[in-house]
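Student: Numbered by mature numbering (1 follows the signal peptide of the UniProt record, and there is no 0), the letters in the sequence shown go through residues -25 to -1, 1 to 135 in order.
Honestly, I wouldn't trust all of these hints.
To be verified - Straight line, CA to CA, 20 angstroms or less: simulated SDA-like cross-link-like pairs of lysine to any residue:
1. Lys102 x Gly70
2. Lys15 x Thr80
3. Lys15 x Arg94
4. Lys102 x Ala67
5. Lys102 x Thr46
6. Lys15 x Glu121
7. Lys15 x Ser109
8. Lys102 x Arg86
9. Lys102 x Pro28
10. Lys15 x Gly70
11. Lys102 x Leu47
Said to hold, decoys possible - Computed spacing ranges between beta-carbons, pair by pair:
12. Ala95 x Lys15: 26 to 32 angstroms
13. Ala118 x Gly70: 24 to 30 angstroms
14. Gly12 x Gly45: 46 to 52 angstroms
15. Pro120 x Pro28: 18 to 24 angstroms
16. Pro16 x Gly45: 30 to 36 angstroms
17. Ala14 x Asn41: 34 to 40 angstroms
It is worth saying that the hints were derived from the structure and are not from the lab.
All C-beta atoms, glycine included, are put in the ideal place defined by N, C-alpha and C.
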Amino acid sequence: MRRGRDLVAIAGAALLGAVVVSATAAGQSVEKADPPGVAKPLGGYSHVASVPPGARMLYVAGQIGNRPDGTLPDSVEDQIVQAYENVRIILASQGARPDHIVKVTVYAVARPTDMARLRAHRAMMFKGMAPPPSTWVYVSGLARPEHLVEVEAIAAVPVR
């Protein structure tokens, strides 16, 4: 991709239609949208995100649900809540916020039994902003058998 062009993350849609803007700074913004002509997202995500030219890109490695003390919760729900918290902490360490996230991928080996809890946690993390494009992938395994979920994220911090 040529320098200076917008990086566009697409989750199964063409870039057309209404745009919801978030993460503004110095006239730059990350734009998220759900274009007309495609079905509304099934969960809390947007179909597309567009990154402003010159934004500083952050690539957050897949985060498992380890707590700061190294312990791992037993349930997939507790692991994903902690994995999202780990992503938030990593972003903050780089001067970024959840509204800078332009793509989330969740890898899971177990189907959550409490999706309402996970949706509520995700809604809290992205409260008041358009949620980023997201993909949830079921896999046969992660790095260790006790790891039930892994969350990776891409963020774009607008230039100041």
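Student: For each hint, tell me whether it holds in the structure or not.
Tutor: Going through the hints against the structure:
1. Lys102 x Gly70: holds (19 angstroms)
2. Lys15 x Thr80: Satisfied, since the Cα-Cα distance of roughly 19 angstroms is no more than 20 angstroms.
3. Lys15 x Arg94: holds (16 angstroms)
4. Lys102 x Ala67: holds (17 angstroms)
5. Lys102 x Thr46: violated (28 angstroms)
6. Lys15 x Glu121: Given pair Lys15, Glu121 is violated - Cα atoms ~34 angstroms apart, limit 20 angstroms.
7. Lys15 x Ser109: Between Lys15 and Ser109 the Cα gap is close to 13 angstroms, so the pair holds against 20 angstroms.
8. Lys102 x Arg86: Violated: Lys102 and Arg86 sit about 24 angstroms apart, past 20 angstroms.
9. Lys102 x Pro28: violated (26 angstroms)
10. Lys15 x Gly70: Status violated; Cα separation ~32 angstroms.
11. Lys102 x Leu47: violated (26 angstroms)
12. Ala95 x Lys15: 26 to 32 angstroms: The hint (26 to 32 angstroms, Cβ to Cβ) is violated, given that Ala95 and Lys15 are roughly 19 angstroms apart.
13. Ala118 x Gly70: 24 to 30 angstroms: holds (28 angstroms)
14. Gly12 x Gly45: 46 to 52 angstroms: With Cβ atoms ~47 angstroms apart, the hint holds.
15. Pro120 x Pro28: 18 to 24 angstroms: Violated: the Cβ-Cβ distance is about 44 angstroms, outside 18 to 24 angstroms.
16. Pro16 x Gly45: 30 to 36 angstroms: holds (35 angstroms)
17. Ala14 x Asn41: 34 to 40 angstroms: This hint holds: roughly 36 angstroms between Cβ atoms.
Checked against the numbered hints listed earlier, the structure breaks hints 5, 6, 8, 9, 10, 11, 12 and 15; every other hint is satisfied.
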